[in-house]
Structures are given as structure tokens and as C-alpha cells.
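**Q** Spelled out from the first residue to the last, the chains are:
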Amino acid sequence: MKWHRISAMFLRHIYLYRHSLTRLVEIFYWPLLDLLVWGFVSLYITKISAEGKSTPNFLGIFLGALILWDILFRSQQGISVSFLEEVWSRNFLNLFVSPLTVGEYLVSLMLVAVFKVVVVFLVSALLAWLLYSFNLFIIGIYLLPFMLNLIILGWAIGIITTALILRFGQQAEVLAWGIAFLFQPVSAVFYPLSVLPKFLQKLAMIIPASYVFEGMRAIIFGRHFSLTLLLRAFTLNLIYLSLALFFFFRMFRQVRVRGLLARMGE
Amino acid sequence: MAAIGVPVLEVKNLSKSYNSFPAVKNVSFELYPGEILGLLGPNGAGKTTIIQMLMGLTSPTSGEIKIFNLDPEKPRQRERILSRMNFSSTYVAMPYSLTLKESLMVFAKLYGVKKARAKIDSLIDQFDLKEVADQPVRTLSSGQMTKLNLAKAFVNDPEVLLLDEPTASLDPDIADRTRKYLLEVKQTRRLAILYTSHNMQEMEEISDRLLFLHHGEIIARGTPEDLVACFEGEDLEDVFLKVAREVRP
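Protein chains in written order, with the numbering used here: chain B, 1 to 266; chain Y, 267 to 515.
Among the hints, erroneous ones may be present.
To give an idea of the chain Y side of the interface with chain B (calculated C-beta under 7 angstroms), a few residues [unchecked claim]:
1) E345
2) L348
3) S349
4) V358
5) Y362
6) I390
7) H464
The set of hints was computed from the structure by calculation and includes no laboratory data. For each residue, glycine too, the CB sits at the ideal point set by N, CA and C.
Full structure from sequences and hints, please.
**A** Now the structure itself:
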């Protein structure tokens, strides 16, 4: 073993962090998110124990939440990772010198996302039933609007991520893997909104996913879920999707002016 | 072959600046059916930027581009233009995980090719790719990849073809065959080709006319013989070296 070779490789990675803000942020990003999510989960469990209530159906809450969360995540990845596939295989330019329009390209990515979501959802639901006797379909007819809401939010996040990758290149690739998780703590995936501090509860009101997870818990607990809240989630989602599309087209125009599109494809 | 007929591509006073850096300055030229026009110049001369603007990947700062008398800056017209032209570059690849046949099928569908299977089979035969037709693209050699790129470029029977160093990674035998094929289709289909290469011998052999670019400007134009005479060089390679070293005609 030669120290100069080890230090050369160490230096190589330190240089990388010095020049990339996204990589630097990523070091702190995941631990911080884990701390937030699992901290709130712990608070939730502690609160239930302290209130001395009967133990809720944790299996249903956590498994259901996990499967539904994956819908949002796969939907976002269906857009941004499918886009990255073209960049990685240096096929991107070939697509955009064909008659394919940007709108057609985005619709195709949305369809890929739905395909991924459906396949992953069916497999996960089947495994949850086989391994843990948990039937996600107890949510009943609400399952469809819940899924649709998560898919639309996933599309919106995926489109914004893709626009940022287009604009900032490889540096922004890390967003494709992590950006959806930024919404996890305030979406109240594994715990009710009431566990969050007041200011985060307010923030959660503008995150459509929080309505879905609150709704899921309400149904699993045998309570009524308000249709008004579901409609609010849909409205927010449609606003976000419209804003995401507007942002993408704007970025695409800017990328053309700056000549970055061609660089992305080579 | 002399340029005749109505140009399929017209560029007038085209300029592109990135911030304050002028990458292309006031460039004008035409491309005619059945003609190979070579874009020549040292690295950073503006060749790639011009090709990018022709394909609508980069928007011009000023000037006008007309392809088939349509404007690529207008989305609907761009769509119509791109369905009648194609592009191939050594620096661009095809989807790695798909087989060669699947890749071509994707592009046949993108270009709305009728009888796509028959077209793909004929391209596979034409470019001698039968043995690797069902192999994933990632397993192809660079020569096979270049041939696949060229096959893709012919999938829609284009009327205008933009080729960016198409033979850069080919061995001399395959490069020679590719040039002969291009010369043949140029004649038989009256295909218009815009061609870039750093291989001066190739440019001399294949181009009907050449545009010599330097620092974003066209500094000379004409047949390969014209350019050699204009710069008082021994051959095109000699002319290239003179230009790259800032010797003006």
C-alpha cells in the first residue's frame, strides 16, 4: 500500500465535493430527512402510548403508507429516470432531432410512469397480502383517487426535476433520486398531521399527498374521509402540474437559447 | 456535381452569441438537392453550432434559416422539416439496452415510417448489420455503432441529411464503403448532405462544395480545388493547417 496513491484518490473525491454544491448538500440531505421522518414516527408512537389508547393497526398504517408512497416515488422516477436513460445512452439528441415534440415526449414519459406505478403497486399489494395478510384494497373505492393524486404529484415533481437536469446538467442528476423524499416529512406518510409542529401542519396543507395519507389512515381506522379534502388535493395537484409544465417549457426554451440541449445529448 | 435547382436549405446572415461570445457570425449559404456541402474548420470554428441551429436544438441570435422553405423556429414547421431530414453523429449513440432492431423500430415509429419492419430489414442488409441485429446496442463495436447511427439516419428516407463526423470511428475499409454509399445515394435519390469531418482527404473526396469556417465566420467557399488554389496550398490538409494557424488567403 502506498500512501500517495490512497491520498490521490481521497483528494479526487474531495475535489468533487469542492466543485459540486449538489453533492455537498446530499451529504446532509438524507440524514436530515431520516431524522425528521423517524423522529415524527417516534413522537406518534410515544403519544399513543402516553394516551393509553388501544394500539392502532400499525401493520396496516405502515405497509399501506409505504405502498402508497412508492406510487408517488415511482411516478416521479418514471419521468426523471426515463429521461436520464436517454442522457446516459447518449440518445437524447437523436430524439430531439426527430419530429418528436416536447409535449409528445412528456406525455410518453407520463405513460411510462403510470405503467411503472401499476406494475409496482400490484406486486407490492400482492406481497403485502401474501407475507403479512394485509389487504390494501380495504381502502375500497378511495384507492383510485388516492393513487391518481399521488401519480399526478409524482408527474409534477418528475417534470420539474427533469427541467432542472436539462438546465443544470449532470450536477442536478442527484435530484432524480432524492427530490420526492423532500415532501415525505410534511406529507405525513407514516404519522398523522397532528404530530407535526403547527408551522409544518400549515405547510402540509399545500402538499396534496398529505390529504391522501390522512385519508388512508382515516379509512383504516374505520373513520369517514371527507370528499372535500380529496377535491382540494386534486385542485392543488392540477395547479402544480400546470406550473411544472410551464416551468419545463420555459426551461426548454432557455436551454435552446444557451445551446445546452446539444451538450446534454453528447 | 454542380449545384442546380431550388435550394432545400437556405441560411441567411445567421449569427449565434453565447453571452457576449460570438460563436457564429453572419453566415449565409445554401444546400441544393443532390449536393454534398462540407463544413470545414478547426475546433471551435462554429460548425457544430450551425448544425445545432439547423436542427432547432439551439436558437439563433439573429438571421434566418429556411429548410424546404419552412422555418425551423416555428414549432409546427419544425415538425414538418424534421420528418423530411435526419442526422447522424459519431458523438451520439442509440439506446444502450435495446437491441439494434428495437432501436431502429423506435425511430421508425418516431418518423412515422410505413412498413417499418421491411424498412428496418432493408437497412440492416444495406449496412451489413444482420449478425448483430438482435444484440443489445451496448455490445456493438464503435464501427457497428456508427453503422447503426447511419442506418437510423436513413430510416425515413430523408431529403436532407446532416452528418457530423460520421466516419470518425470507422476503420479505413468501412469508412471508404460509407463514403461510396453516401455518394451513391446522393446521386440516385438527389439527397442533400451537409457534412463535417476532420479528415481532409475525405472532405476532398466527398464534397461538391466546401465552406471554410474560422472563429464563427465563413472565410472561404468553393469546390475543394478552388480552396486549395485560393490558399495556395498543396492539398486541403495544407489549407486547413494554414487556416488553423491564421494564414489568410
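**Q** All hints are to be evaluated individually against the structure, with a verdict given for each.
**A** Here is how each hint holds up against the structure:
| no. | hint | verdict |
| --- | --- | --- |
| 1 | E345 | 5 angstroms, holds |
| 2 | L348 | 4 angstroms, holds |
| 3 | S349 | 4 angstroms, holds |
| 4 | V358 | 5 angstroms, holds |
| 5 | Y362 | 4 angstroms, holds |
| 6 | I390 | 18 angstroms, violated |
| 7 | H464 | 16 angstroms, violated |
Going through the hint list in order, the structure does not satisfy hints 6, 7.
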